[in-house]
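These protein sequences, in sequence, are chains E and H.
My numbering numbers the first residue of the first sequence as 218 and each following residue consecutively.
My numbering numbers the first residue of the second sequence as 218 and each following residue consecutively.
Hints are computed from structural coordinates only; laboratory data are not their basis.
Please note: incorrect hints may appear among the correct ones.
One copy or any two copies: either way a pair holds, since identical chains are not told apart in the list.
Said to hold, decoys possible - Here are the computed lysine to aspartate or glutamate pairs in the DMTMM-like style, where the Cα-Cα straight-line distance is at most 20 Å: (1) Lys349 x Glu534; (2) Lys234 x Glu347; (3) Lys487 x Glu411; (4) Lys349 x Asp239; (5) Lys224 x Glu347; (6) Lys491 x Asp412; (7) Lys455 x Glu465; (8) Lys230 x Glu324; (9) Lys491 x Glu422; (10) Lys237 x Glu347; (11) Lys230 x Glu347; (12) Lys487 x Asp412; (13) Lys415 x Glu545; (14) Lys222 x Asp239.
Number of protein chains: 2
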Amino acid sequence: LNKFKAKVVGLAKKVKKVGKDDPRRVVHSFKVGFALSLVSLFYYISALFAGFRTSAIWAVLTVVVVMEYTVGGTLSKGLNRTFATLLAAALGVGAHQIAILAGEKGEPFLLGLFVFLLAAAATFSRFIPEIKARYDYGVTIFILTFSLVAVSSNRTVDAFELLQLAHQRISTIVIGVAICLLTSVFICPVWAGEDLHKLVAANLEKLASFLEGLGEVYFGDKVGGERMESKCFPQAYKSVLNSKSNEESLANLARWEPGHGHFGFRHPWKQYLKVGALSRQCAYSMEALMSYITTNERTQTPADLELRKMISSTCKEMSIECGKALKELAASIGTMTTPGVCRHNIAIAAATTTLKASLSEEGIPSMILETAITASLLSQVVQCVP
Amino acid sequence: LNKFKAKVVGLAKKVKKVGKDDPRRVVHSFKVGFALSLVSLFYYISALFAGFRTSAIWAVLTVVVVMEYTVGGTLSKGLNRTFATLLAAALGVGAHQIAILAGEKGEPFLLGLFVFLLAAAATFSRFIPEIKARYDYGVTIFILTFSLVAVSSNRTVDAFELLQLAHQRISTIVIGVAICLLTSVFICPVWAGEDLHKLVAANLEKLASFLEGLGEVYFGDKVGGERMESKCFPQAYKSVLNSKSNEESLANLARWEPGHGHFGFRHPWKQYLKVGALSRQCAYSMEALMSYITTNERTQTPADLELRKMISSTCKEMSIECGKALKELAASIGTMTTPGVCRHNIAIAAATTTLKASLSEEGIPSMILETAITASLLSQVVQCVP
């Protein structure tokens, strides 16, 4: 029983953390509840018109599947659903008309063949990356609607009845999509584009705080005999290493969004992906530096520490100034202004030159340093091998 | 018109490439078509029993949404759909019975409240990572079914009729799931577990071929004045950098799969994720080494080339032996055997020692090398900053 209690407490803590990490999640949950209640209300009202009754349930279904966390997600699913339904319904009716020509016996076979071919072709199209990224949901709905119309319509041959049914179905779907869109745009909207914008800036800040931490701790005043623990450095940069899929899906959703705040409709979202790729490149180098420091900390000799003391102030300046430059860059992304010619960059260049000079003073000719480093990096790679 | 023609040709090439890259995709498309035709057949047959007619359409719907590329995906969606429907239907009927107690006027309000609360709670639960990874689809179906039952059942108060409807709905869903499962298990199955297994081994091979390429090209016999192009090295290792999300989703799906081939039901899939994380770590170091080589190629001095000639044979041995060790590791993962004490590892250790010795012979005391390298790596990080 105690074990069960501990589990419940653990779960409660986790739930609280999920809500605290991003309070918009709580708001989103209530938004979904609200949209569903609204569409239920629509169902009750439409039930007054007897004809609309069975179709109205499609509005409820639409709200459940279309409502997404971001505006872009809701919009892309809503548009995908609406247009895929229209296209598939038209094709389905067309296929049915052709199948009728084959006579009573040939009809089911011909319809089965149509369903087979269209489903196979549509499923295959989902493997094409561009379609997968933008129209995946639409393709599912397309197959769904086409099969439903083609298969079930051979019972209701009356063309007028069929059109009426299609009209009802589509108008209820449009109503469902409209309810979702209104809820997600007008009640505390979560814009994918804004999230992408903030994510890219935040990632730069994480890189910056790693560099500042490195400057303060590793090259700080306390350089001495005691060993550095890798835990002293800000570890946040590690999350940048795997940011690719998140950034790409946000950029995909952002493309659907209308203009909002500082962002126009055709805001160059792809540029964010470029900055993101550069940030990852930087994070890879940091990770390599980090693993070099932590694996070699234990083998440092007194001579090593001696040299470290010599160059530590230059290195400290280099990394702290570089961190500041990154923070400025992050801030200028945040405020969407062009960063000025940065005084930090000048400081970094000066420090780099000083560093090279002091290394060659110490008897390490910088001419052959590069090859030596390449060799050492290779050893590092070799050490990584599990 | 020519532009249009070029586009069509481009699309055709892309489609061909998608199919050629993995022919199982073509097979999967036909499998979906087959399953849908099968379920349509079921629809025709069941139409003979008049009562089953409207419910049978749910089998078609189930096949379209449940059928996934891997067996694990189909199984997880099918189980999620079945159990979520059962649970939600029971809760929906219960909520309806409670709502009836509130009288004719209170009933819709109470039902609306239930829908609001349950939808909000269920939506929030999707933000918990564990639930998101395994039961995301189930939660959607839960909200969907609960809303449909709770909202629509207040028209059909007859309990017997309701039970009959529920029975029909659920048996059609089970039939749909069964058709999907049979198709995906018995016709050219794609196992997520096997894919994960192959992916992890292939990633190790990619790392190995980078090391071998580095040994052959950069430290090869041709070391001389000409500049190395980064294109000479195998670039495949770059895809390892972003392998995390792919590996994790495969591991999630593999957990649902029954035993198949060499893999038992509770195969330790998490171990693959560990190997994957180590591979990524290795790839990060390679990326850092790579960017170091390509950015510094142009500034190499004659003295540098001199040293490179001196140590190139040792470095060549190191990287080629390391590549071989990795290939052996990949092969032993492939055949699921424990790798023996590897003779390559001994060669690597020997080469590493030789390298250190020859570096210190060349006037670079290895004692202070580490600090110098740390400093240079820092410069590298600084250069990465956009």
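Against the structure, the hints come out as follows:
For a Cα distance limit of 20 Å, the shortest separation of lysine 349 from glutamate 534 qualifies neither inside one copy, at 47 Å, nor across copies, at 44 Å. Proximity of lysine 234 and glutamate 347 under a CA criterion of 20 Å is satisfied inter-copy only: 14 Å between copies versus 36 Å inside one chain copy. For the identical chains of this complex, lysine 487 and glutamate 411 are intra-copy neighbours only, at 14 Å inside a copy versus 35 Å across copies, given an alpha-carbon limit of 20 Å. Taking the shortest alpha-carbon separations for lysine 349 and aspartate 239, only the inter-copy value of 16 Å comes in at or below 20 Å, while the best intra-copy value is 28 Å.
In this assembly of identical chains, the alpha carbons of lysine 224 and glutamate 347 lie at most 20 Å apart only when taken from different copies (14 Å versus 43 Å within one copy). Taking the shortest Cα distances, lysine 491 and aspartate 412 sit within 20 Å of each other inside one copy (16 Å), while across copies they are farther apart (30 Å). Proximity of lysine 455 and glutamate 465 under a CA criterion of 20 Å is satisfied in both settings, with 18 Å inside one chain copy and 17 Å between copies. For a Cα distance limit of 20 Å, the shortest separation of lysine 230 from glutamate 324 qualifies neither inside one copy, at 59 Å, nor across copies, at 35 Å.
For a Cα distance limit of 20 Å, the shortest separation of lysine 491 from glutamate 422 inside one copy, 16 Å, qualifies, whereas the shortest one across copies, 28 Å, does not. Within a single copy, lysine 237 and glutamate 347 get their C-alpha atoms only as close as 35 Å, which misses the 20 Å cut-off; across copies the closest is 17 Å, which meets it. Within a single copy, lysine 230 and glutamate 347 get their C-alpha atoms only as close as 40 Å, which misses the 20 Å cut-off; across copies the closest is 14 Å, which meets it. Proximity of lysine 487 to aspartate 412 under the C-alpha cut-off of 20 Å is restricted to the intra-copy arrangement: shortest distance 14 Å within a copy versus 31 Å between copies.
For the homomeric pair lysine 415 and glutamate 545, the shortest alpha-carbon distance inside one copy (14 Å) is at most 20 Å, but the shortest distance between copies (44 Å) is not. Proximity of lysine 222 to aspartate 239 under the C-alpha cut-off of 20 Å is found in neither arrangement, the shortest distances being 26 Å within a copy and 49 Å between copies.
Of the hints listed earlier, those the structure fails to meet are numbers 1, 8, 14, in rising order.
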